[in-house]
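Respectively, the protein sequence lines represent chains A and B. Counting in our numbering, the first sequence runs from 1 upward without gaps. Counting in our numbering, the second sequence runs from 1 upward without gaps.
Worth flagging that the hints you see were computed from the coordinates, not collected in a lab. Hints should not be assumed to be uniformly reliable.
Only pairs whose alpha carbons sit at most 25 Å apart, straight line, appear in this in silico SDA-like list of lysine to any residue [stated by the list, open to error]:
(1) A:Lys258 - B:Asp38
(2) B:Lys437 - B:Leu171
(3) B:Lys29 - A:Val32
(4) A:Lys338 - B:Arg30
(5) A:Lys258 - A:Ala324
(6) B:Lys437 - A:Leu401
(7) B:Lys29 - A:Ala70
(8) A:Lys37 - A:Arg17
(9) A:Lys338 - B:Ser145
(10) A:Lys338 - B:Asp38
(11) A:Lys225 - B:Leu171
(12) B:Lys258 - A:Ala78
(13) B:Lys258 - A:Ser339
(14) B:Lys264 - A:Ile143
(15) B:Lys258 - A:Leu8
(16) B:Lys118 - A:Arg17
(17) B:Lys323 - B:Val304
(18) B:Lys118 - A:Ala78
(19) B:Lys437 - A:Ser339
(20) B:Lys437 - A:Ala324
(21) A:Lys208 - A:Tyr39
(22) B:Lys40 - B:Ser145
(23) B:Lys258 - A:Tyr176
(24) B:Lys264 - A:Ser144
(25) A:Lys258 - B:Val122
(26) B:Lys437 - A:Gly41
(27) B:Lys437 - A:Ser178
(28) B:Lys40 - A:Gly259
(29) A:Lys225 - B:Leu419
(30) B:Lys437 - A:Ala78
(31) B:Lys437 - B:His354
(32) A:Lys225 - B:Asp38
(33) A:Lys338 - B:Thr71
(34) A:Lys338 - B:Lys323
(35) A:Lys208 - A:Ser339
(36) A:Lys37 - B:Asp60
(37) B:Lys437 - A:Phe195
(38) B:Lys258 - A:Ala186
The model shown is predicted, which means the values in this text are computed figures rather than measured ones.
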Amino acid sequence: MDDLDDLLEVGDRVLARARGGEQVEAVVIRGVDTEIKVYEGEVESLSSAQSQGVGIRVILDGKQGFAYAATLDDGSLAETLSEARDNASFGTSDEFQGLAEPDGVPIPDLDLYREALVGYPIDRKIEMALELERAVRAADPRISGIESAEYVDSRFEGAIASTTGVRNAGRETSCYLSTYAMATEAGETQTGFGFSVGREPGDLDIAKVAAEAGRRATRLLGATKPASERMTVVLDPWVTAQFLALLGYTLNGESVLKGRSLFAERLGDEVAAPIVTLVDDPTDPASFTATDTDGEGLACRRNVLIAGGTLDRFVHNAYTARRAGTCSTGSAVRGGFKSTPGVGTQAVTLLPGGRSQAELVSDVGEGLVVQDVSGLHSGVNPVSGDFSTGAEGLRIRGGELAEPLREFTIASTLQRMLLDVSAIGNDLEWLPMSAAGVSIVIRDVTISGT
Amino acid sequence: MIEEAVISRVLSGALRTGGDFAEIFAEDKRSSSAYLDDGKVEELTSGRDRGAGIRVVVGDTTGFAHTADLTEEGLTAAARAAAAAARGGDGGTRVVALTRQEVPRGYEVQTYPEAVAKADKVELLVQANEAARSEASVISQVAASYADSHRRILVANSDGLMSTDDAVRTLFSVSCVATGDTGLQTGRESVGHTVGFELFDLHDVQALASRAAARAVTKLSARPAPSGEMPVVIASGGGGVMFHEACGHGLEADLVAKGASVFKGRVGESVASPLVTLVDDGTMAREWGFFAIDDEGHPAQRNVLIQDGMLSDYMWDLLRSRKEGRGSSGNGRRQSYQHLPMVRMTNTYLLAGHDDPEDIVASTDSGVYVKHLGGGQVNTATGDFVFGMTEAYLIEKGEITEPLREGNLIGNGPQVLQLIDAVGNDFAMGPPGTCGKDGQGVPVGDGVPTLRVQRLTVGGTAS
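Put together the whole structure using the sequences plus the hints.
Shown next as structure tokens:
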């Protein structure tokens, strides 16, 4: 952790200015990001960006204030601290307010940093993006255009220090390739995406990205709008992951304490089908959002939220845990240095079952595979549980994939969908988000079309 | 922010390796926010974001770098990085002579947020909380949020352009939860304008809070939304997000150029019902998507996109318009100095028609009346789009009847635009929005009069 000492030292400089009676926490981050977009065999844009910043939280008499700045010189640190302190004076006093205190849980060693990424030549990153574009074009003669083909990587370093004794630092690298392809036949265009994620460029699989984008776009060609009816659906891993990330909101301690969770009073109840075991585990290094410590500097840990269909646990940060009379689950999350920590699931996954997607399709017999959804932010209300999204996919007839479908919605409620899960696939895959994907079968979903 | 002589030298330096075009975008943005939840003022936040993004264009390639260091050294280093990224050859020396453009601001801020005591901002939250809770006993939770930003920008480029803007935005929102036998329901209201603290002379936060609370309470008795195709009436002022998604994004020239829009090659053709005249207008003073110059230094413009159903033009930024040998339409925007600009909407709205809004509902035998819209999403290549309804009612025999639970509506842009068969005379702008594209969020406005779509798929669960 040698080269992170300077970040910790910035934190120490902030803490040295703390006054008696107040709690102070400083989060210091530094990052280098590269983004390469190619179009028709040329680099369309290449951005290389270095960023840094500090976020300072002050708690005095149970009141919280926060301020941030993107410069780390002494003058700026002093001004930011004093602004956070001033902001605290306007808060409402809350007996549970307070910074996290070290809880003795050892910080896992996750190995999320790769020198191989840091030293990787820019020319080769460009070549990967260009090769991806060529591979997508070659994937199928019906590929008519490529809206985007890009390589993105990031090196992130962060430190957190507080007057309550938190002091640690970490770093990680990540990269991904992604593409959005168009396929055209008989004047009709459909689209499909593909991506591959890793910690270093060597982890990325160009052929997989290209094949996936080509397959997704071409298999929707000729899609029509289905009639409205209820049926069994198979959610593609990509769709399941988005569903799980939404579900995470209902299981976070803040939603629960503030009366915004439909599961608030239901610990110990059967809220899902018995095959459903939902785990939040940011200590799994395979997950894209793996992290050794949470947004308050406590060790991350594996939390089982739903065990065999029974609601077992909510996730908490220091504040919500104190208020709920329990311990932090290491689930403080923050959106960079510009905000205070909230609570959230960090890497949720379902325990996989034993069947492939093709076997699930065969078991279902008659139904629909949902390849993609849209409007998750506009048609799903995680407080009421109402669930309605735009969708596209393929009909299942006689246990086989049949004609493509588009311009329809799928609707149910989050509560019912959990209870209606009838099978979980074995195709677990970590995606570039805070959840893993796996094929799942849900009964009795309303399809709205014509 | 930066001396003119320094800008000239940095731009010249950026072109030394053979760039065709170089630009500095400098930004100094101060933000403050206050948040009340669960009856408590949870936090006040202040922040400052200050830096510059430099891009260098060589042929079809753009190199971009940004820095938080606005000294000549910092800018020169960023210019060098951007030029290296664009991979120019040997360009020799080009002198950049800047001409300072003075673009009228269009609106004079009355009260800058920095001049307002924090206690006054907090007081608004407290008032909103009390008003929402006193609306009904079933209101079980209230969150209120205040946010302001003061953003100064400077844009200078190797064409000699140099221009500045200074914009203040103020936003207030209230979210309520109502609890009843049917579970939890939510109601949200927000108001935001490109103005200072005088926003609260124009808008009463207590009334806003009461409306948010009433929306949550109404939905406690809501029944599941229907499933399938039916006539849909959209209320005036409920939000123009349908047009933003149905055709707005598809008319962005960057997507058109890549063939990723169903509206490609359709200028001069009928793309909508003759009742549709759609405008994107960055000059609309005080609106959420208003500015004096866009983030490439081009003055804001009022652009007619669709005139009486005919597609008149796309929206353009600098790069795309240079390539086509035409002018920008003032739609080059970016989230911050850390981002490259692209084609973005500003305030997008449908002009009022001649129908009486009451007649539109009365002449609808059965369908759905969407009073308040949520967000939306579109696939511009296929034209399929969705948008959410956060307050909606059944229309039965020409009358608005029972409230409906939330859900998305889905349609295909080019088809839905042709199916608009009534446009009211009651235009109103909707609430402020944040439009997301390629990972960047920018403030946008939208507005519609009452209108009817003959057929749209409602994504509920009731048959």
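Evaluated hints:
Proposed proximity of lysine 258 of chain A and aspartate 38 of chain B is supported: the alpha carbons are some 6 Å apart, at most 25 Å. Between lysine 437 of chain B and leucine 171 of chain B the CA atoms are separated by roughly 21 Å; this keeps the pair inside 25 Å, and the hint holds. The straight-line distance between the Cα atoms of lysine 29 of chain B and valine 32 of chain A is roughly 22 Å, inside the 25 Å bound, and the hint therefore holds. Our distance criterion of 25 Å between C-alpha atoms is met by lysine 338 of chain A and arginine 30 of chain B, whose separation comes to about 12 Å.
Only pairs whose Cα atoms come within 25 Å are accepted, and lysine 258 of chain A paired with alanine 324 of chain A is accepted, the gap being roughly 11 Å. At most 25 Å may separate the alpha-carbon atoms for a hinted pair to count; lysine 437 of chain B and leucine 401 of chain A exceed this at roughly 33 Å. Between lysine 29 of chain B and alanine 70 of chain A the alpha-carbon distance is near 11 Å, which keeps this suggested pair within the 25 Å criterion. Using a Cα cut-off of 25 Å, the hinted pair lysine 37 of chain A and arginine 17 of chain A is violated, with the two alpha carbons roughly 44 Å apart.
As the CA atoms of lysine 338 of chain A and serine 145 of chain B are separated by approximately 16 Å, the hinted pair is consistent with the 25 Å bound. Restraint check for lysine 338 of chain A and aspartate 38 of chain B: satisfied, since their Cα atoms lie roughly 22 Å apart, inside the 25 Å limit. This hinted pair does not check out: lysine 225 of chain A and leucine 171 of chain B have alpha carbons roughly 40 Å apart, beyond 25 Å. Between the alpha carbons of lysine 258 of chain B and alanine 78 of chain A the distance comes to roughly 49 Å, so the proposed pair goes past 25 Å and is violated.
This hinted pair does not check out: lysine 258 of chain B and serine 339 of chain A have alpha carbons roughly 37 Å apart, beyond 25 Å. For a cut-off of 25 Å, the pair hint linking lysine 264 of chain B to isoleucine 143 of chain A stands: about 17 Å separates their Cα positions. Among the hinted pairs, lysine 258 of chain B with leucine 8 of chain A is inconsistent with the structure: their alpha-carbon atoms are about 46 Å apart, more than 25 Å. For a cut-off of 25 Å, the pair hint linking lysine 118 of chain B to arginine 17 of chain A stands: about 23 Å separates their Cα positions.
The suggested pairing of lysine 323 of chain B with valine 304 of chain B holds, with an alpha-carbon distance near 21 Å, which does not exceed 25 Å. Note on lysine 118 of chain B and alanine 78 of chain A: the hinted pairing holds, with a Cα-Cα distance of about 20 Å set against a maximum of 25 Å. Taking the CA atoms of lysine 437 of chain B and serine 339 of chain A, the gap is about 22 Å. The hint holds against a cut of 25 Å. Distance restraint check for lysine 437 of chain B and alanine 324 of chain A: the Cα-Cα separation of roughly 39 Å exceeds the 25 Å cut-off, and the hinted pair is therefore not satisfied.
About 19 Å separates the Cα atoms of lysine 208 of chain A and tyrosine 39 of chain A, which keeps this hinted pair within 25 Å; it holds. Between the alpha carbons of lysine 40 of chain B and serine 145 of chain B the distance comes to roughly 12 Å, so the proposed pair stays at or under 25 Å and holds. The straight-line distance between the Cα atoms of lysine 258 of chain B and tyrosine 176 of chain A is roughly 22 Å, inside the 25 Å bound, and the hint therefore holds. Distance restraint check for lysine 264 of chain B and serine 144 of chain A: the Cα-Cα separation of roughly 14 Å lies within the 25 Å cut-off, and the hinted pair is therefore satisfied.
Distance hint between lysine 258 of chain A and valine 122 of chain B is fulfilled; the C-alpha atoms sit about 20 Å from each other, no more than 25 Å. Note on lysine 437 of chain B and glycine 41 of chain A: the hinted pairing holds, with a Cα-Cα distance of about 23 Å set against a maximum of 25 Å. In summary, the hint linking lysine 437 of chain B to serine 178 of chain A is supported, as the alpha carbons are separated by about 16 Å, within the 25 Å threshold. Taken as a hint, the lysine 40 of chain B and glycine 259 of chain A pair is honoured in the structure, with Cα atoms around 14 Å apart against an allowance of 25 Å.
In summary, the hint linking lysine 225 of chain A to leucine 419 of chain B is supported, as the alpha carbons are separated by about 17 Å, within the 25 Å threshold. With a C-alpha separation of about 36 Å, the suggested pair lysine 437 of chain B and alanine 78 of chain A falls outside the 25 Å cut-off, and the hint is violated. Pair hint lysine 437 of chain B plus histidine 354 of chain B does not hold up; C-alpha atoms about 34 Å apart against a cutoff of 25 Å. For a cut-off of 25 Å, the pair hint linking lysine 225 of chain A to aspartate 38 of chain B is broken: about 44 Å separates their Cα positions.
For the hint linking lysine 338 of chain A to threonine 71 of chain B, the alpha-carbon distance of about 24 Å falls within 25 Å, and the restraint holds. Restraint check for lysine 338 of chain A and lysine 323 of chain B: the C-alpha separation of about 38 Å exceeds 25 Å, so the hint is violated. Pair hint lysine 208 of chain A plus serine 339 of chain A does not hold up; C-alpha atoms about 37 Å apart against a cutoff of 25 Å. Restraint check: the Cα-Cα separation between lysine 37 of chain A and aspartate 60 of chain B comes to about 12 Å, which is no more than 25 Å; the hinted pair holds.
With a CA separation close to 18 Å, the supplied pair lysine 437 of chain B and phenylalanine 195 of chain A stays within the 25 Å bound. A threshold of 25 Å between alpha carbons decides the hint, and for lysine 258 of chain B with alanine 186 of chain A the separation of about 19 Å falls inside it, so the pair holds.
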